[in-house]
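Peer 1: Given next are the chains, with one letter for each unit.
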Amino acid sequence: MADQTLPIGGALDITPQKATKQSFFEWLSEWFITVDHKKLGILYISYALVFMLVAGVEALMIRVQLAVPNNDFVSPQLYDRLFTMHGTTMVFLVGMPILFGFANYIVPLQIGARDMAYPRLNAFSFWLTAFGGLLLYYSFIGGFGLYGVGTAPDMGWFAYAPLTEKAFSPGHAPDYWAIALIISGWGTLGTAINIIATTISMRCKGMTLMRMPLFSWLMLVVSGLTLVTITPLTAAQIMLMIDRYLGGHFFDTQAGGSAVMWMHFFWIFGHPEVYVLVLPAFGIASEIIPVFSRKGIFGYAAMVAASVGIGFVSLGVWAHHMFTVGMSTPTTTFFVLSTMLVGIPTGIKIFNWLATIWGGKIVFATPMLFCLAFLFQFLIAGLTGIMLSAAPWDWQLHNSYFVVAHFHYVLVGAIVFNIFAAIYYWFPKATGKMLSETLGKWHFWLFLIGFHLTFDFMHIPGILGMPRHIYTYMPDRGWGIWNFIETIGAFVQAIAVLVFLYNVVISLMKGKEAGNDPWDAWTLEWATPSPPPAYNFATDPVVNSRRPLWDLKHPEDPDWKYE
Amino acid sequence: MFTGISKVLRRLLFTAGMTIALPVSAWAAGVQPGTNMFAPASKPAREIESLAIFILAITGGIFVVVGGALLYAVIKYRRRKNDDGSEPTQIFGSLQIEMAWTIIPIMIVVVMFLTSARLIFAIQDAPKPKESLAITVVGHQFWWEVRYPKYGVVTANEIHVPVDEATYFKLLSADVVHSFWIPELAGKTDCIPNHVNTTWILPTRVGLYKGQCSQFCGTEHAMMLLRVYVQTPAQFKAWIKNQQKPAVEDPAVAAGREVFMHNACMDCHTIRGTVATGRFGPDLTHLASRDTLGSGSLSNTPANLRAWIKDPDHFKPGVLMPAMQLNNKQLDEVTAYLCSLR
Ligand code: HEC
Ligand SMILES: [Cu+2]
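From first to last, the protein sequence lines stand for chains A and B.
For the first sequence, this note's numbering begins at 1 and goes up steadily by one.
For the second sequence, this note's numbering begins at 1 and goes up steadily by one.
Simulated from the structure, these hints should not be mistaken for lab results.
Backbone N, C-alpha and C define an ideal beta-carbon position, used for all residues, glycine too.
No false leads were mixed into what you were given.
SDA-like, lysine to any residue: derived pairs with alpha carbons at most 25 Å apart:
| # | chain 1 | residue 1 | chain 2 | residue 2 |
| --- | --- | --- | --- | --- |
| 1 | B | 170 | A | 333 |
| 2 | B | 76 | A | 449 |
| 3 | B | 81 | A | 437 |
Quick list of simulated restraints, FRET-style, between CB atoms:
| # | chain 1 | residue 1 | chain 2 | residue 2 | range |
| --- | --- | --- | --- | --- | --- |
| 4 | B | 241 | A | 330 | 39 to 45 Å |
| 5 | B | 174 | A | 330 | 29 to 35 Å |
| 6 | B | 82 | A | 512 | 21 to 27 Å |
| 7 | B | 46 | A | 495 | 43 to 49 Å |
| 8 | B | 67 | A | 484 | 23 to 29 Å |
| 9 | B | 114 | A | 506 | 53 to 59 Å |
| 10 | A | 506 | B | 82 | 29 to 35 Å |
| 11 | A | 200 | B | 118 | 43 to 49 Å |
| 12 | A | 70 | B | 97 | 54 to 60 Å |
| 13 | B | 82 | A | 224 | 46 to 52 Å |
Pulled from the structure, derived: some chain A residues nowhere near chain B, Cβ distances all over 10 Å:
| # | residue |
| --- | --- |
| 14 | 91 |
| 15 | 115 |
| 16 | 203 |
| 17 | 487 |
| 18 | 517 |
Given these sequences and hints, build the entire structure.
Peer 2: Here it is, written out as structure tokens:
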């Protein structure tokens, strides 16, 4: 049974030595024409990190403007563009690309494949997405010409109609928004199809679906979800363009169109989109927490079931973003129930992570620190989510800063924390160098403090009646002090990110050699050299359990005995 | 002995309670935002507050239990300094435990769902009392039109209602989606073009309650403020009575009246009893009886009014009222006229 074809200890690299040194242009063109899933993964991640910095600067400008009442650091027109671009960028140009980047890099390695199922589609998808992002940002200089702030989108990331119709947005702001996102959406769909095909058909010998690592499992679920959710958004954006240029009246309320229909279209995309972003983060946590607790994941089957369950239920909760549009009582009640139900599989996941830690020997390396903070923060985010799902209370909380705090708890507290965890965890694999642990801890603690200063205190002005999307507020409302604290927190987070960037640069230059398996981990990617050669595995791996490397390291007590 | 312990416990609880309660109440007394959802002064808002406290208690309990367990695990199961390097016992799951933490949350969800559902019905399907005030609120890019159909009164941005009586709002929009929200009176309801919504309040305390548009509606969304004056029935009657009158005609400000009627002002604003019947901007018939200008962006003083007419964009960049290029004399005259509209 335990016939292992994997080399134990040292991974096998049969790459021939490079004879001559590359010129810079050869190096560059290699990145442009590459179809290697690992190079594309790195491209995705770097692209997303660049946009994360851009959107981060936008966030800082927003925070400076709101730091004190009646501030005029930026004009209202620019402020509207800042929050619209911040949200759109973080969701479409940072969140999805970075998570798909990790999927690109990790999934084939984890399932013992030599590449994605469709390498060319993979490259095509990346460049489409990249083009969409550049087009969106061209709006700052394009549109009416090279003056002012161009016509960058200024109608909020959910672009409610009829504000986006010609009558209210005569410029090109909604055009840039819609077309850029349609294009990057096609890229996303291509990658989603690719991941589904890869996980379904490229798994190595012995890796049944129920032996697939949880990160790969979650990417499969996410990709399925992506196919179902990006489509209505693209459809709605095409309808909007028909309204604007071909005389359609889908959302044109002045000609009898429906504003509420746009909301349905948007949120039937928008809510599952949250899960498209958070499920990969769950996947990351499910890889890292076991390794650094030195215990296999607790309740693997329950974790898979809960993920698929979350995927399904998340398709039926969108109208909880619309409790205030005047839905009928039974409809409202239905969406309260469906939304609260999501809490159950989500709870199961938290409990299983807790049980994984329980009885383990926790190693507080930087990836684990980020994951542990994620557990606490995600618990809070889930609980504020429950508060928002109670429709009557949501009538108060909706569109207030409480909601902004809640979804940043999910997007930053859960997703960004796990993205950082993933970078610290897999950076050694991708580059062969360790990131500095000292700087990593500085990064972690600064980011943690900054995060809590900003987003804990953000709940309070929401409860005191502060709506979102406002460029300033009156001093008599008592929101000033909280906003001031939030702004300080935002700058602490920014410093943490600078520490992180410094860490990446310095570690690339003179980081410690990583070796193949620096974390003593159990999934297949750690059986390859760091960085892995183009073909990933010299010999096709064969696995007998969920943790092939555990089996190799512990022949006396292999997992396959228990499965 | 037991009394001794309970005394210590009581004292501990008391100090703990005070260390939390004192700063909070000091802060609550110091700031009077008029927009605090936990200071309700009206029926739906008060019922929502009780639901909120109920849900806070449940979620708080969950936080303490799960967060505590997490914290305990993280501290207890850290790798010790003298670790022998062996791997801990591998445990892959347990059906009973999975069942337990599936079923308990389901029960909690059922409880929270039923409580919420009850309140949704109680508020949305509340039987309309025979005696109630009807107000139509129309959201405009960046101000609120307020109509009292039964009394033939039209005003803007400042709503007057009687205490202890239900007021029903019909919510409309003239352009894009807005949202009507006065946290201390009721939850928010959107004003959507082509889509009539309703909401209601039953205020129980006289006072001024504030709110603002809470659905992004364009450049000046932030300065689309709302005020609700809850008054005694007598005060309210007197107010309505004054609002019902046509505009004051004071010969002393005839020059200003001329300026108003011979400029585009009259195309956008209504002053009842005159030829000005525009509906693009707020009704100015009783402008001087209002406390604020520009949907709450500045207080209604003659100096502010003059400055507003001279250049509204200065106070509300992006506002839909143009600067009318009046000269100083015209400005003084029209200001005097508008100030006479009590
Ligand atoms: C193009 C239409 C238009 C014209 C012309 C116009 N206004 Fe306005 N006016 C508005 C709008 C719209 C508002 C509401 C602005 C806001 O609060 O966002 C307004 C607000 C006001 C207000 C404040 C009302 C309140 O209760 O807050 C006053 C006073 C006023 N206008 C006076 C004038 C005068 C005097 C003139 C002529 C010199 C004039 N307006 C010309 C559209 C117009
Ligand atoms: Cu509005």
